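**Q** Model the full structure from these sequences, guided by the hints.
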Amino acid sequence: MLQTLYIQNYALIEQLSIPFHKGFSVITGETGAGKSILLGAINLLLGQRADSKSIRTGADKCIIEATFKIDKVGFLAFFEENGLDFDEECILRREVSSSGKSRAFINDTPVNLVQMRLLGDRLIDIHSQHQNLLLAKESFQLDVIDVMAHNEELLQSYQDAYNSWQKKNKKLTLLIQEAEEGKTKQDYLQFQLEQLEEANLVEDELIHLEENFELQTHAEEIKESLYKLGHLFDNEERGVLSSIHESMRLMKDLNAVFTPSKELSERLSSVYIELKDVLNEVYKEEQNIEFDPMELERIQNRLNLIYSLQQKHSLQTVEELIQLKEEYAAELQNITSLDDEIEALKKEINDSFADVKLRAKELSKRRIDVAEQFEKDITKQLTPLGMKNVQFLVDVKERKELNQWGEDLITFTFSANKNSPLQPLSNVASGGEIARVMLSIKAMMAGKMQLPTIIFDEIDTGVSGEIAERMAIIMEEMSQSDRQVISITHLPQIAARGKTHYKVYKKDNEYQTNSHISELNNEERIEEIAQMVSGSTLTQAALDNAKVLLGLQ
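So the sequence shown is numbered by the working numbering: it starts at 341 and just counts up by one.
Think of the hints as simulated: they come from the structure by calculation, not from any bench. Check each hint, because a few of them may be wrong.
[Claimed, not checked] Straight-line C-alpha distance at most 30 Å; calculated DSS-like pairs for lysine-lysine:
(1) K362 - K846
(2) K409 - K701
(3) K508 - K697
(4) K728 - K701
(5) K508 - K758
(6) K686 - K697
(7) K362 - K393
(8) K701 - K687
(9) K728 - K523
(10) K701 - K788
(11) K788 - K409
(12) K393 - K847
(13) K362 - K839
(14) K511 - K686
(15) K412 - K839
(16) K508 - K728
[To be verified] Restraint ranges, calculated between C-beta atoms of paired labels, are given here:
(17) M634 - T657: 36 to 44 Å
(18) N767 - G372: 28 to 36 Å
(19) T877 - S804: 17 to 25 Å
(20) S804 - G372: 31 to 39 Å
(21) K409 - L892: 29 to 37 Å
(22) D679 - R457: 41 to 49 Å
All values reported here derive from a predicted model rather than from experimental measurement. Built from N, CA and C at the ideal position, the CB exists for glycine as well.
**A** Written out as structure tokens, the structure reads:
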């Protein structure tokens, strides 16, 4: 329930703080006095987009703050989900600066507008004149029936299943597109893969091929060099080994008379052994090297194949070519497996659709079951509102295709006169009739929903007299069960039924015009309602009429 509203520097309001009470309250005032400003301020607290132009001229920022009385049962989950501290006295505050920046707070904790809007939607329902246009919208009519049928959980369950089914359909479309695109390049991929597979590439192969190519290309030169090296080592007259062997003999002869000769002799012996081993390797390599024109041609062809593959695919190494081959193989495997994946997904979609259809049927049944009672109840509500010949029918048809609301196409059909055919409500109802139908619907929905505060902004448009009084009685009845109903009205019949009466008025000072709101006492109420009856000139008849309306005589 709304307890207090504080407004500072908003439009024509410099500063005001007003308490609100339980039950049925009314707000009156001349056109242009500031009633719409009051609603605009409340809408800011409900997350509506802010406009710096609404800040009072000369002010740096405006502040809108409201205190609500809430209970744990209905609101604790919201506070826990959003990481907010719960307090039974909940404070919503909105600040808008002249620079256009806006800040929102719940219990002094900064929040985003989505959070503020989610909470605000559960605290206040504002019904303004333009919302009567909702009656022309199928989605609103469907929502009314769902509220009456308590379909919240079932509808959420259906929408979860529907969204899952839709996601699978989108995935199937993408898979089919991917499969079609894949098949257009399948032959190309297959050709490239076969070429790489036929190449039978091996890691590090290129290094060995290039080494062997160099060897075969210079085989004669290498063999001749190795032969010369062996001759230098093994020439009996002046070969290296012969000279070292002679040196070893001379050094050995000195062992008896020259002490260092022993160590030098050992070192020469080691050199001799190492060089002899080198010579053996040289002989061995010389014998192994043979120029093979066929091998050279094989190596040349192999290198040409690898070089051409590298150039074709703009790659630098054999390892990269092998990786590319694996990628081609994986892509082809993916293309060939898509058909199986598509078939499996189609089965999933069929199963999902069956589940969605089953939930849609359950929704439809509950809607049809409640529609008949809704027709009776709303006819009962409308009859005393000047529609004694009213006919109201909820037309439920099956859609050609499911949507997020199910399989039902719901239309409210209406006739206010005898022997007049039922037609869609928005096509035949007058403005006053629309207002009465909407009030009746709101009254019925209020009994099903846990909305603590409902504000009606001139819902009485197009009605007067006894009908206005009946509408006031409906709003008064809605305010029972701890519900707060506030009506902004121009009709004395409605104003007189309010438990609390507020007046919005403008007042000029030396510099500017200010809007104010005040709670009226009994005497002030008599005068305000009398002016609503007779205009600015108060007559005794108007005052007496006001007292009658207020039940004071």
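**Q** Check the hint pairing K686 with K697 against an upper bound of 30 Å on the C-alpha distance.
**A** 16 Å, holds
**Q** For a C-alpha distance cap of 30 Å, please report whether K511 and K686 respect it.
**A** 10 Å, holds
**Q** Please work out if K362 and K839 have their alpha carbons no farther apart than 30 Å.
**A** Holds, at roughly 9 Å.
**Q** Checking one constraint from the list: CA of K701 to CA of K687, max 30 Å. Satisfied?
**A** Holds: K701 and K687 sit about 21 Å apart, inside 30 Å.
**Q** Do the Cβ positions of T877 and S804 conform to the proposed distance bound of 17 to 25 Å?
**A** 20 Å, holds
**Q** Take a quick look at whether K362 and K846 sit within 30 Å of each other, Cα to Cα.
**A** 26 Å, holds
**Q** Are the Cα atoms of K412 and K839 separated by 30 Å or less?
**A** 27 Å, holds
**Q** Using the beta carbons of M634 and T657, state whether their distance is inside 36 to 44 Å or not.
**A** Taking Cβ atoms as reference, M634 and T657 lie about 28 Å apart, which means the hint is violated.
**Q** Tell me if the beta carbons of D679 and R457 are separated by a distance inside 41 to 49 Å.
**A** Given range 41 to 49 Å: holds, Cβ gap about 47 Å.
**Q** Is 28 to 36 Å respected by the C-beta to C-beta distance linking N767 and G372?
**A** 33 Å, holds
**Q** When you check the alpha-carbon spacing of K788 and K409, does it fall within 30 Å?
**A** 20 Å, holds
**Q** Starting from K508, check that the Cα of K728 is at most 30 Å away, please.
**A** Cα-Cα ~52 Å, so violated.
The structure is inconsistent with the numbered hints 2, 4, 5, 7, 9, 16, 17 and 20, although it conforms to all the rest.
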